Amino acid sequence: ILNVEQSPQSLHVQEGDSTNFTCSFPSSNFYALHWYRWETAKSPEALFVMTLNGDEKKKGRISATLNTKEGYSYLYIKGSQPEDSATYLCAFGPGNTGKLIFGQGTTLQVKP
Amino acid sequence: KAGVTQTPRYLIKTRGQQVTLSCSPISGHRSVSWYQQTPGQGLQFLFEYFSETQRNKGNFPGRFSGRQFSNSRSEMNVSTLELGDSALYLCASSPLTGTYEQYFGPGTRLTVT
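So the protein sequences, as listed, match chains A and B. Using our numbering, count along the first sequence one by one with no gaps and you end on 112. Using our numbering, count along the second sequence one by one with no gaps and you end on 225.
Don't read these hints as lab results, they were simulated from the structure. Just so we're clear, the structure is a prediction, and the values are computed from it rather than from any experiment. Glycine residues also receive a C-beta, built at the ideal position from the N, C-alpha and C atoms.
Which residues of chain A face chain B? A few of them, derived with a C-beta cut under 10 angstroms, are: (1) 31; (2) 47; (3) 93.
A few chain B positions that, by computed beta-carbon distances, are all more than 10 angstroms from chain A: (4) 133; (5) 138; (6) 199.
Isolated chain A (complex conformation) (with noise of 0.2 angstroms):
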């Protein structure tokens, strides 16, 4: 069974703070490790496509990292602004097929 991981589960940080959140999944079998970002009564938005060890990819003040060797992908927030406040998901794609499997997600809550 293939599982992937999420931590923290829930976050409450302070407007201004800068936070990182940890996805752990197998590292035999990897295609790509993609990162959502899913606001309350919105649909699941891509933030990142991940395919190469050691790939670092930024947007605005999230970036991400990878590490496929040993089986994580760590997600960074600098500066947390409250329109940051959402459900950020991590999946790990096995093959080259639109098949994801999800992590439970972290939530993030920023203080104003």
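Dock chain B against chain A, hints included.
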């Protein structure tokens, strides 16, 4: 470009009935994946269709089925509904399959009573 649309948005069915959900992908996208989201299980992969062929199927009973039409629109069907089928059903489309990011629709909230 219009996003992924799903119909209906909300549905209430009785145990034992069947239901069909529809998903229209972004224009030009050929891959459509379906997911079930329940509070305890998170997002679970149901199946993926690409060019009218099912490419992958998740660990769900045969009561869950789907299909894709030549215009890439997809439907999923659940027969003999059970209370545990109550969930948010999301579909996602991508241009091709594999390493492409998926674009999610708003979901269909199914309640089985």
